[in-house]
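J.: Protein chains in written order, with this note's numbering: chain A, 12 to 267; chain B, 12 to 267; chain C, 12 to 267; chain D, 12 to 267.
Where hints are given, some of them may not hold.
All copies of an identical chain are treated as equivalent in the list; a pair is satisfied when it fits inside any one copy or across any two copies.
[What the hints assert, rightly or not] Each computed DSSO-like pair below joins lysine-lysine, with the alpha-carbon atoms no more than 27 Å apart:
{"no.": "1", "residue 1": "Lys220", "residue 2": "Lys195"}
{"no.": "2", "residue 1": "Lys238", "residue 2": "Lys171"}
{"no.": "3", "residue 1": "Lys24", "residue 2": "Lys181"}
{"no.": "4", "residue 1": "Lys171", "residue 2": "Lys24"}
{"no.": "5", "residue 1": "Lys131", "residue 2": "Lys24"}
{"no.": "6", "residue 1": "Lys123", "residue 2": "Lys195"}
Rather than coming from a laboratory, the hints here were simulated on the basis of the structure.
Spelled out from the first residue to the last, the chains are:
Number of protein chains: 4
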Amino acid sequence: MRVGLFGFGRAGKAVASVLLRSRDTQLCWVMRKSKNFQYKSVSEFLGVSSDDPGLIFSKSEWTAAGLFEHHPVDVVIDFSSANSIGFYGNEAAGRNVAIVSAVSEYPPKILKRIQALASKTRVLWSPNITIGVNFLMLAARVLRNIAPYSDVEIIEEHFKDKPGISGTAKRIATFLEMDEASIKTIRAGGIVGCHEILFGFPFQTVRLKHESISREAFGNGALFAAKSILKVKNGLYSMEDILLPYFKVRTLKSCS
Amino acid sequence: MRVGLFGFGRAGKAVASVLLRSRDTQLCWVMRKSKNFQYKSVSEFLGVSSDDPGLIFSKSEWTAAGLFEHHPVDVVIDFSSANSIGFYGNEAAGRNVAIVSAVSEYPPKILKRIQALASKTRVLWSPNITIGVNFLMLAARVLRNIAPYSDVEIIEEHFKDKPGISGTAKRIATFLEMDEASIKTIRAGGIVGCHEILFGFPFQTVRLKHESISREAFGNGALFAAKSILKVKNGLYSMEDILLPYFKVRTLKSCS
Amino acid sequence: MRVGLFGFGRAGKAVASVLLRSRDTQLCWVMRKSKNFQYKSVSEFLGVSSDDPGLIFSKSEWTAAGLFEHHPVDVVIDFSSANSIGFYGNEAAGRNVAIVSAVSEYPPKILKRIQALASKTRVLWSPNITIGVNFLMLAARVLRNIAPYSDVEIIEEHFKDKPGISGTAKRIATFLEMDEASIKTIRAGGIVGCHEILFGFPFQTVRLKHESISREAFGNGALFAAKSILKVKNGLYSMEDILLPYFKVRTLKSCS
Amino acid sequence: MRVGLFGFGRAGKAVASVLLRSRDTQLCWVMRKSKNFQYKSVSEFLGVSSDDPGLIFSKSEWTAAGLFEHHPVDVVIDFSSANSIGFYGNEAAGRNVAIVSAVSEYPPKILKRIQALASKTRVLWSPNITIGVNFLMLAARVLRNIAPYSDVEIIEEHFKDKPGISGTAKRIATFLEMDEASIKTIRAGGIVGCHEILFGFPFQTVRLKHESISREAFGNGALFAAKSILKVKNGLYSMEDILLPYFKVRTLKSCS
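Given these sequences and hints, build the entire structure.
T.: Next up, the structure:
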């Protein structure tokens with residue numbers, strides 16, 4: 012699988028590092044915003060030798076057409092900002108290159124455009140693209156269906172300076188049709204990130220808990236999303252859509 | 012729903028207490044092993060007034076035919092021992108009374124007989140009949156399918172004097188095709204019971220955790236099992252079979 | 012050690028059960044508010060045989076002088092309400108009987124009276140009398156002294172219907188000179204009670220966590236308090252005062 | 012406080028980063044084993060501007076006498092290996108420069124030499140130099156003294172590939188006079204490091220838990236150790252010795 016990556020900020024760098032180390036993936040290039048950067052490839056930047064060094068480009072050097080022509084990929088992974096898809100979207104869709112975007116938010120106008128692109132190629136958009144958090148959300152919805160009478164609490168822990176409620180916690184609340192205001196927010200020291208969904212029953216509790224160790228978790232999630240999306244038909248998908256088929260566990264020992 | 016309960020040990024009493032308090036359930040009778048008991052009904056024993064007092068019987072007072080004739084029920088819930096089903100099984104199946112058994116273990120001979128009964132009525136057998144633990148097992152299997160490369164650890168905590176590895180932890184291990192020997196066993200003080208399935212990813216962890224508060228959790232699970240089983244066709248079911256349909260989460264926002 | 016217990020509500024009964032089972036303690040009597048009670052002793056009520064049955068009295072049957080004269084004790088343990096000490100205080104102090112009170116709150120007027128009693132006997136008053144919570148508070152104060160720059164969060168979990176912030180969490184906050192408003196409150200299902208004090212450092216976290224399994228924990232705490240207080244001189248003590256000496260850990264391997 | 016650092020491996024680099032960012036500390040130099048290194052200072056290596064750049068030296072460039080003469084420091088912090096103290100020990104002790112060593116293990120012969128050095132200067136040696144873990148050990152010992160009858164379990168979690176039982180867990184076990192074999196070892200994914208000491212009481216549990224976020228935690232611990240040791244007289248200290256005075260919490264509201 013050949014990958015082109017948009018975005019080389021803190022998350023983008025972590026994702027690039029995972030992609031470069033993945034055996035069945037070829038990180039062809041990374042597209043940065045600004046031009047000046049002392050390293051020419053991801054492998055040089057990370058100090059890791061690799062057959063596919065992951066060339067580092069900047070937007071001013073390329074047109075989208077030129078980029079995809081000279082450096083063809085199967086999937087674009089986007090960890091940049093809402094604007095980038097304007098640069099590469101049409102050209103990617105036209106060549107049936109799949110798109111995996113982890114951009115936090117798109118204005119309605121751009122979102123419409125993405126829906127249009129999704130008729131020509133496969134597009135997956137998920138603001139939190141880790142496997143863990145998205146699995147948690149689906150599992151929590153299952154348990155809510157089983158036991159709608161149980162009490163649910165969402166607790167999130169992050170580093171002291173993180174402002175407001177975590178976006179991921181808000182998404183979990185929306186997904187479980189809960190009030191955002193009920194989220195319990197813990198802020199202390201350098202906690203990377205922890206989300207817990209607690210189900211309280213009269214005589215037992217179930218806790219579904221996700222702990223982030225580092226940003227590289229986004230890399231594994233993006234890789235999983237990219238591989239999965241290449242197997243489905245055109246359309247707009249969320250991370251949940253991709254995980255959903257795994258919830259069809261085979262029947263275990265039912266008899267008839 | 013009219014219920015008859017076999018078994019009035021520590022678990023049986025807790026289950027009876029939940030059944031008596033449930034509004035849409037009628038606890039008709041409880042069958043004890045021995046004859047001498049100073050209380051005549053569950054409501055008297057618990058000091059709770061109730062329209063359906065839950066009469067307390069002993070096996071020596073009844074034949075199965077007489078019991079089901081004079082005190083008809085829709086479901087038998089069995090928290091006694093492996094022998095009881097020999098007493099009530101045929102008679103219950105013949106009248107199409109559903110059977111929910113939480114007996115820990117059945118010898119192969121009796122198990123065969125149960126399979127035969129399951130052609131005439133609905134039978135659910137689950138040694139740990141809590142909603143929480145069985146949900147955990149299914150959710151864990153889903154995550155294993157999504158991420159077969161992740162490391163899984165099973166950790167169980169119980170009171171100091173509990174001998175050996177917990178039966179529930181063993182069942183989880185079997186269900187996840189893991190080696191029983193890898194279960195980590197914590198024994199301290201009066202911990203009622205805690206099971207954690209930990210998934211370790213390179214850059215994140217997911218923890219699925221169940222904590223028991225008291226034995227009454229079995230009552231809620233048995234009630235859930237009894238209600239669910241009345242809606243399915245004849246056959247032998249596990250608790251997982253009953254929870255499985257809830258894992259078919261509706262598609263979220265997939266477009267085509 | 013001969014003990015008399017005031018209060019036979021839910022906490023009082025649990026405490027009585029622990030006292031009755033303790034080998035080196037003699038539960039002489041329990042004083043209830045109201046007269047009518049079908050059981051004459053704690054051992055009969057609990058269905059446990061014991062050399063010292065723990066007679067059950069009601070206040071209307073006795074004067075304090077008569078009570079201590081005919082049924083002398085070394086310690087009074089008080090799990091009743093603020094008024095009881097008016098009944099037994101003077102008489103107990105006059106006979107140098109120690110007093111251990113777990114009453115939630117005393118009005119200032121009664122508190123003054125208690126301070127006066129404390130010049131004649133040993134009095135310990137602690138609204139949450141478990142060993143665990145009081146140890147936690149002291150340990151947390153130690154860590155705050157070591158690392159005043161760390162971020163502290165107090166998180167408490169209780170059953171759904173518990174109103175307001177837990178009194179114990181408020182006490183922890185006061186003890187650590189933190190704002191009560193910063194306590195995070197989780198309410199779900201039947202959680203008995205859990206208090207966590209989280210210390211966030213830039214690159215590590217420390218969590219001090221107390222989980223209640225049942226009310227009997229008060230019994231062990233009261234027993235510990237009663238035994239400890241018999242060894243100190245007259246005065247008014249808190250549970251912390253009694254635990255404090257244990258924080259003087261011997262020097263380990265310092266050389267000079 | 013002027014600091015010289017021995018060791019520039021993974022832990023050493025993390026420590027250097029903390030020292031460079033500390034306001035009241037001056038990282039004068041770092042001593043590496045090998046000569047070839049493309050960066051001349053820690054600030055250049057980390058890409059952080061600083062008044063005190065933290066020069067990077069190698070042992071072959073210096074004698075100990077020359078080093079301390081031309082680049083005087085108040086404290087040596089040692090995150091290298093057992094041999095280094097042979098290079099700098101005598102010279103440091105002769106100039107009354109304090110020594111803080113986080114070397115994992117010293118052979119008996121070198122340990123004897125360290126004890127001799129400790130008669131001429133202050134030496135602190137602690138294989139795990141975080142504040143959190145050492146606080147945990149002392150707090151656990153306090154609780155063991157309060158409740159010797161409680162059940163204690165040590166649980167440690169680390170990344171999949173960590174071989175054997177964690178050294179820190181072993182130290183905790185030794186410190187609490189427990190059998191090393193009873194430590195529960197969890198290995199999964201990329202968990203940085205977690206140590207829990209669980210106290211089980213009949214009706215409550217207390218959990219003391221330390222989670223590492225990153226190696227920089229050693230930096231804060233070393234800084235704390237260095238500052239503390241400058242205030243004490245000559246001798247050999249452990250991290251516990253330095254934390255011990257903080258366990259003398261003032262009496263709270265005891266009256267007489």
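J.: Determine for every hint whether it applies to the structure shown.
T.: So, going through the hints one by one against the coordinates:
| no. | hint | result |
| --- | --- | --- |
| 1 | Lys220 <-> Lys195 | both (14 Å within a copy, 18 Å between copies) |
| 2 | Lys238 <-> Lys171 | between (36 Å within a copy, 25 Å between copies) |
| 3 | Lys24 <-> Lys181 | within (26 Å within a copy, 37 Å between copies) |
| 4 | Lys171 <-> Lys24 | both (23 Å within a copy, 24 Å between copies) |
| 5 | Lys131 <-> Lys24 | neither (29 Å within a copy, 49 Å between copies) |
| 6 | Lys123 <-> Lys195 | neither (33 Å within a copy, 40 Å between copies) |
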